[in-house]
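S.K.: The opening position of the sequence shown corresponds to residue 1 in full-length UniProt numbering, with each subsequent residue numbered one higher.
None of these hints come from the bench; they were simulated from the model.
Ideal Cβ positions, reconstructed from N, Cα and C, are used throughout, including at glycine.
Where hints are given, some of them may not hold.
Now the in silico label distances, taken between C-beta atoms and shown as ranges [said to hold, decoys possible]:
| hint | residue 1 | residue 2 | range |
| --- | --- | --- | --- |
| 1 | Asn290 | Trp490 | 31 to 37 angstroms |
| 2 | Ile227 | Glu399 | 43 to 49 angstroms |
| 3 | Thr462 | Asn63 | 40 to 46 angstroms |
| 4 | Ile95 | Ile227 | 20 to 26 angstroms |
| 5 | Arg107 | Lys346 | 36 to 42 angstroms |
| 6 | Lys346 | Ile395 | 42 to 48 angstroms |
| 7 | Asn295 | Glu233 | 27 to 33 angstroms |
| 8 | Leu202 | Ala345 | 52 to 58 angstroms |
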Amino acid sequence: MSRSESNHKKIRISGSESNQNADTSSKSTATSNICQPRQRMTEKYLLLWVDASIDQTNEDYENILKQIRTITGDVNVFNQRDTCVDFLTDAQEDIKSFLVVKDAMFRQIMPLIDDIPQLDGVYIFNNIETLHEEWTKEWQKVKSVHTNIGDLCQALRIGIKQFNQDSIPMSFITANEMVSTDNLNQLEPTFMYTQIFKEILLDMQHDEQAIKQFIAYCRKNSSLSPINIDRFEKEYHAQSAIWWYTFPSNIYSMLNYALRILDADIIITMGFFICHLHRQIQQLYEQQANSYARNPLIVYRGQGLMKSDFEKLLKAKGGLMSFNNFLSTSKDKDVSLKFAECASAKPDTIGILFIMSIDLCLKSIPFAYIKEESYFDAEGEILFSMHTVFRVGAIQPMENKNQLYQVELQSTSDDDQQLRILSDRIRNEAGGTGRQRIGGLLLNLGQFNKAEELYNVLLEQTSDEGEKGFYYNQLGIVHSKQGANEKAIWYYRQRLEIQEKTLSSNHPDLATSHSNIGLVYHQMGEYSKALSFYEKAL
Numbered sequence: 001m002s003r004s005e006s007n008h009k010k011i012r013i014s015g016s017e018s019n020q021n022a023d024t025s026s027k028s029t030a031t032s033n034i035c036q037p038r039q040r041m042t043e044k045y046l047l048l049w050v051d052a053s054i055d056q057t058n059e060d061y062e063n064i065l066k067q068i069r070t071i072t073g074d075v076n077v078f079n080q081r082d083t084c085v086d087f088l089t090d091a092q093e094d095i096k097s098f099l100v101v102k103d104a105m106f107r108q109i110m111p112l113i114d115d116i117p118q119l120d121g122v123y124i125f126n127n128i129e130t131l132h133e134e135w136t137k138e139w140q141k142v143k144s145v146h147t148n149i150g151d152l153c154q155a156l157r158i159g160i161k162q163f164n165q166d167s168i169p170m171s172f173i174t175a176n177e178m179v180s181t182d183n184l185n186q187l188e189p190t191f192m193y194t195q196i197f198k199e200i201l202l203d204m205q206h207d208e209q210a211i212k213q214f215i216a217y218c219r220k221n222s223s224l225s226p227i228n229i230d231r232f233e234k235e236y237h238a239q240s241a242i243w244w245y246t247f248p249s250n251i252y253s254m255l256n257y258a259l260r261i262l263d264a265d266i267i268i269t270m271g272f273f274i275c276h277l278h279r280q281i282q283q284l285y286e287q288q289a290n291s292y293a294r295n296p297l298i299v300y301r302g303q304g305l306m307k308s309d310f311e312k313l314l315k316a317k318g319g320l321m322s323f324n325n326f327l328s329t330s331k332d333k334d335v336s337l338k339f340a341e342c343a344s345a346k347p348d349t350i351g352i353l354f355i356m357s358i359d360l361c362l363k364s365i366p367f368a369y370i371k372e373e374s375y376f377d378a379e380g381e382i383l384f385s386m387h388t389v390f391r392v393g394a395i396q397p398m399e400n401k402n403q404l405y406q407v408e409l410q411s412t413s414d415d416d417q418q419l420r421i422l423s424d425r426i427r428n429e430a431g432g433t434g435r436q437r438i439g440g441l442l443l444n445l446g447q448f449n450k451a452e453e454l455y456n457v458l459l460e461q462t463s464d465e466g467e468k469g470f471y472y473n474q475l476g477i478v479h480s481k482q483g484a485n486e487k488a489i490w491y492y493r494q495r496l497e498i499q500e501k502t503l504s505s506n507h508p509d510l511a512t513s514h515s516n517i518g519l520v521y522h523q524m525g526e527y528s529k530a531l532s533f534y535e536k537a538l
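Build out the structure end to end from the sequences listed, making use of the hints.
M.R.: Below, the structure written as structure tokens:
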């Protein structure tokens, strides 16, 4: 149910232009201007701007939006309160929104939105300093008030960084799950997927065409602002991966989003970047190995955990947890503690200060000081490569702190016996070679939608007839498992057509394809057709 009814106007600003189409769903007869939504989400947050006095022809206004668009590739702009409220109310619960409110609109909109869970925070942009501080303190979602666009953008970047810090994908494995060899379905899928993804992507060759495909993807989906896409196209090279990872261009958010929801399309599209980033960290790790003053190395990370994830962490004590993205940490405990304290202020979040002990004598995942390579001149920042695994130690509440805990983590070794056994099980379960291993793992674990998504991406990217045949067959398996028998037969037939053109008439792979089609017809109860294909398989 909408919270309000009125003449609605919303303008979506994706890049430097806004398409405007009539929205016939308005409750009044007024025409609504709304541009088409982008084709894919590439992050777990939205940036919104509501301003009753929008003038798209005003140069100052356009300059303001250009600066806002450097934070993320897409800005949702509203010129009426009620449209903005409806948008927030109808948004997915796991997609958080950062809202900029212009001038007097603040007093009208805050009573309607302060309790909307999808709203992460409100930032007020006020041209004159007349907004009373006590008024803003009345609403818990208000983060800050600004009269300068530069300060506003910086506050938004900090808010989004906190959100990304809190939403890094992670997995937990209890001590009992580690010793069980019976069923991989008992493990969190993200632990396995990200490990296999990483191994495959690092083993692949990534050329200039991969970078061009990423740029085209970003333009199509407004993943980055046009300014940042153009800059990336002109300036990116393998040794600049850390700089781009830390630069506020939305690349970090894209990667974090993809690994959190296991979006195979985005992960594969960003495969070159994952590979370059890992190798740059590895190179720095080797260069810096002799400079570490003491053993062990202690680093910190502050973030928030949803209460459901905190319960998983408690159960994983003595077991393992993995950070399924590249992991940013700090040698400065106070800096990390601020992130944890900020997260603990949210009612549904537990603030966590991770204290990570890294045994420098063990061979483990690479990490590096990145001050010289980072966009930010951050003293003491240490970046770990993707899928860092730790053993979970003591979990203790911090003294005089509400909803705030410190958690001790111990680095694991590549030679850790339990971890190696677990990794070998995952590799064996996946089977196959190259990218086929990812799909095999998804199928074995019953993740059919993600398997379909992956095989469709791979099918589009290959020109090799043999690979096409394999992916058609796998898509046939996916649809057969889902009970979509007509689709399964269509994909099996596509593979059969390729085989009939490229294989001899008595090749055993032809028998497999005929048998697969016959099996689907048998499941459909069309026994005469099934028998016909079974006979061809003989």
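S.K.: Give a verdict on every hint.
M.R.: Hint by hint, here is what the structure shows:
Our hint of 31 to 37 angstroms for Asn290 and Trp490 is violated, since their Cβ atoms are close to 60 angstroms apart. Take Ile227 and Glu399: their Cβ atoms lie about 47 angstroms apart, and the range 43 to 49 angstroms holds. A beta carbon spacing of about 44 angstroms between Thr462 and Asn63 agrees with the range 40 to 46 angstroms that was offered as a hint. Take Ile95 and Ile227: their Cβ atoms lie about 24 angstroms apart, and the range 20 to 26 angstroms holds.
With their beta carbons about 24 angstroms apart, Arg107 and Lys346 fall outside the hinted range of 36 to 42 angstroms. Between Lys346 and Ile395, the C-beta spacing of about 20 angstroms breaks the proposed range 42 to 48 angstroms. Evaluation of the 27 to 33 angstroms hint for Asn295 and Glu233 yields a failure: the beta carbon distance comes to about 43 angstroms. Between Leu202 and Ala345 the C-beta distance comes to about 39 angstroms, which lies outside the given range of 52 to 58 angstroms.
In the structure shown, a violation is registered for the earlier hints numbered 1, 5, 6, 7, 8, in ascending order.
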